[in-house]
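Number of protein chains: 2
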Amino acid sequence: MQCQILSIGDELLIGDTVNTNASWMARELTEIGVEVNRIYTIKDDLAGIKEIVNEALSSADVVFTTGGLGPTHDDMTKQAIAELLDSELVVHEPTLDFIKKIFKERNIPFSKSNYHQAEVIEGCEVLFNEQGTAPAMWFDHEGALLVVLPGVPYEMKHLMNHHILPRLKKKIGNKTYRASHYMLTAGIGESTLSDEIIGDLNPFLNGNDISLAYLPSPEGTRIRIRGQASTEQKLKDQMETLIGHIKKQADGFIVGEGKQIRLAEKVGESLQEVGLKIAVAESCTGGSVANSLTDIPGSSNYFKGGIIAYENEVKVNQLKVNANDLQQQGAVSKAVALQMAKGVAQQLNAHIGISTTGIAGPEGGTDKKPVGTVWIGFWSEDQHFAIRAQFTNDRLINKQRTTATALEMVRRILLDISEMPYGLKKQLA
Amino acid sequence: MQCQILSIGDELLIGDTVNTNASWMARELTEIGVEVNRIYTIKDDLAGIKEIVNEALSSADVVFTTGGLGPTHDDMTKQAIAELLDSELVVHEPTLDFIKKIFKERNIPFSKSNYHQAEVIEGCEVLFNEQGTAPAMWFDHEGALLVVLPGVPYEMKHLMNHHILPRLKKKIGNKTYRASHYMLTAGIGESTLSDEIIGDLNPFLNGNDISLAYLPSPEGTRIRIRGQASTEQKLKDQMETLIGHIKKQADGFIVGEGKQIRLAEKVGESLQEVGLKIAVAESCTGGSVANSLTDIPGSSNYFKGGIIAYENEVKVNQLKVNANDLQQQGAVSKAVALQMAKGVAQQLNAHIGISTTGIAGPEGGTDKKPVGTVWIGFWSEDQHFAIRAQFTNDRLINKQRTTATALEMVRRILLDISEMPYGLKKQLA
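Taken in sequence, the protein lines are chains V and L. Just so we're aligned: 169 in UniProt numbering is position 169 of the first sequence, and the numbers increase by one with no gaps anywhere. Just so we're aligned: 245 in UniProt numbering is position 245 of the second sequence, and the numbers increase by one with no gaps anywhere.
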């Protein structure tokens, strides 16, 4: 089944809005087996909408439009499609009642122009939008399907998830079974992962039935495996064979499985599993590590807190770093990283303390310690070490990568994986 | 001058990548007066590329393509356009030398297939890409311009900024003068800002020559004013009249001016101006406030650090919050917010201490203190108060909004603006 997406809206063509609707739809449609072969982005323009919808209906099995269903004079979509299909606009009573009710609840006066919001094109099937005021419309047009959706992202997603995707899945039928599987890896570069760790996959990739993609992300490289087969069993076997191979090859680098999995989430799970609590002492990451950990609901179960020792005085006073060591070796040194990690664990009464100290940039680098130099410390009753990394000269990327490396370090320690991220060596006092 | 953009790449149609290139280009082009009237997103497909480029060249003054210039067998763009223009691919020697040099530096063996990366279409003007391996190509084709760009964002932006946009600006000539002006507001809702504070702008908006848009962002509402006129003076007058009016109406709510201005940046500037240092005590924001402040280069000039007192024990031990008050009134209370702010300022030896304590969610709410309840505290030698806000039930949005509100609170204090964000009242001990 082939489809085309038409994103309608002036704001998309002046760069005010990024077209996230189209890419979300493209991903969801691809997952259920509908191939997107073209995406058009055009203005709220009567002639343009008619032209493209007409063209698309003759080139694809399904055509989607998003946008242009609001009440302002800029919103052209309904009128354009009504004209194209030689039809009329009629008021949809349930939607009208719903809109009136919303306006009443919010104390907004209902005026005549608001009737337009409840209009639909005669001949369509109305798909009621519980999340907003614009209903979706579904048309069977001479063998092709036309689906008209609002442009507001959560409304469009609600309608797609509740109405459209299930219907299309049914239409595609059970002739083909599909599945996707996602894994997050961390602490290894993408090319090293694909070329050296995972290696040649040709024995597993059976033509178009199964595919593997490496998707970069700030935390690490995500691996996505997609498969399809004519029976559920065949699909299961194919997927499990390749997934099993990846897990065997990349064991230790795989943080977790699932589309939305996050490094901080898995670190949290591991801490909870062993009943340990962690505290963080941050300098160059300035709160980024704590922020990542606390983005995860339930983190209060294992996260004590942290000390952001941005000024050296704070390293000495709050973390009990030795003032002489600080002066002689500098804040960005093994000794200071080690002491920060131990200091925060002791001060905050945590089982594990980690630290970051480095030069985020863009200023502050020297020949010996250029921008991007970072020490990451670890303290527990069992181990006390620091690793030294070299990142880039971009401040925000340095914060991000140091944070991911520190979290990955903790994850590996908790799982007894001896190799540190990027093969960096544990350096003792 | 009208243009169309053709984004080429399979990954765009399976939702792996969001089309940020097209929206970036659309914004930059619109700013210099080139109107984007259509964006196509298509696969790496020979026939499709030829069809669309051909169609676009007959419908616009300038056609841009991005993507498909790599060395793999998926990359079709050069071949498609060569066929369409009835031309050949030839090796561009300077690019070949450059690629060989990069490969040598990175110790990557140079193979025959890498020659393809240095090929360009005969008849084009080559625009050398110092940021990557694929050069851009500029064609004058029967009165229309065709610009072929790589898909890698920083390479495309480099080529656009250094070669393409300046050339197009020159072509447009000085017949129309254009300008844009951006302002960030904070601590006020968008509708209140537009309806009550700024109000009716019809006297200022002169048809299409000047426009104003409200653009929501996590930190606040950005106002964008765009103008055009036939002379520089007329443009200047029009823009200054409207900008002056906005500044007068929205004085106090305007954080700063400029497209990329950030709240943390302005707070930092204000702190530096008065030579004061700040420390943060965070509970529910878990590091987000410190992280925002330290994203700004030079923040070590005014940011002492922070204490992330995620567990109550840390509030008592590190911030010297009174254990009885904590027990009786709870962590999410005025008393605790006040004490956290004072405690961190004293412990970290800062002029200003701010605090956040609340229920980020999704769990933890009660009838009296539902999810989204937040106290934000402020301490300095001059003032000591807390404000109470009520946000949503989304954890990440709560963290974000609490952070923005805390930063906006500081900004207003430093500028002697007595009203607090969202009209929240300062509550004393």
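What the hints contain is simulated information worked out from the structure, not anything from laboratory work. There could be a bad hint or two in this list.
Intra- or inter-copy, both count: the list cannot distinguish identical chains.
[Said to hold, decoys possible] Think about it this way: if two alpha-carbon atoms lie no more than 27 Å apart in a straight line, the pair counts; the simulated BS3-like pairs of lysine-lysine are: (1) Lys-426 with Lys-277; (2) Lys-104 with Lys-368; (3) Lys-157 with Lys-368; (4) Lys-334 with Lys-171; (5) Lys-248 with Lys-368; (6) Lys-169 with Lys-259; (7) Lys-170 with Lys-425; (8) Lys-320 with Lys-277; (9) Lys-104 with Lys-369; (10) Lys-112 with Lys-170; (11) Lys-234 with Lys-157; (12) Lys-50 with Lys-101; (13) Lys-100 with Lys-320; (14) Lys-259 with Lys-334; (15) Lys-426 with Lys-247.
Source: prediction; values computed, not measured.
Hint by hint, here is what the structure shows:
1. Lys-426 with Lys-277: Result: close within a single copy only, 22 Å intra versus 36 Å inter.
2. Lys-104 with Lys-368: For Lys-104 and Lys-368, the Cα distance is within 27 Å only across copies (25 Å; inside one copy 66 Å).
3. Lys-157 with Lys-368: neither (51 Å within a copy, 33 Å between copies)
4. Lys-334 with Lys-171: neither (62 Å within a copy, 57 Å between copies)
5. Lys-248 with Lys-368: neither (40 Å within a copy, 51 Å between copies)
6. Lys-169 with Lys-259: Within one copy only: 20 Å inside, 44 Å across.
7. Lys-170 with Lys-425: Answer is neither; intra-copy 53 Å and inter-copy 55 Å both fail.
8. Lys-320 with Lys-277: both (20 Å within a copy, 21 Å between copies)
9. Lys-104 with Lys-369: Between copies, since 26 Å is at most 27 Å while 63 Å is not.
10. Lys-112 with Lys-170: Neither way: Lys-112 and Lys-170 sit 40 Å apart in one copy and 48 Å across, limit 27 Å.
11. Lys-234 with Lys-157: neither (31 Å within a copy, 45 Å between copies)
12. Lys-50 with Lys-101: Neither: 33 Å inside a copy, 51 Å across copies.
13. Lys-100 with Lys-320: Intra 62 Å, inter 52 Å, cutoff 27 Å: neither.
14. Lys-259 with Lys-334: neither (37 Å within a copy, 40 Å between copies)
15. Lys-426 with Lys-247: within (25 Å within a copy, 56 Å between copies)
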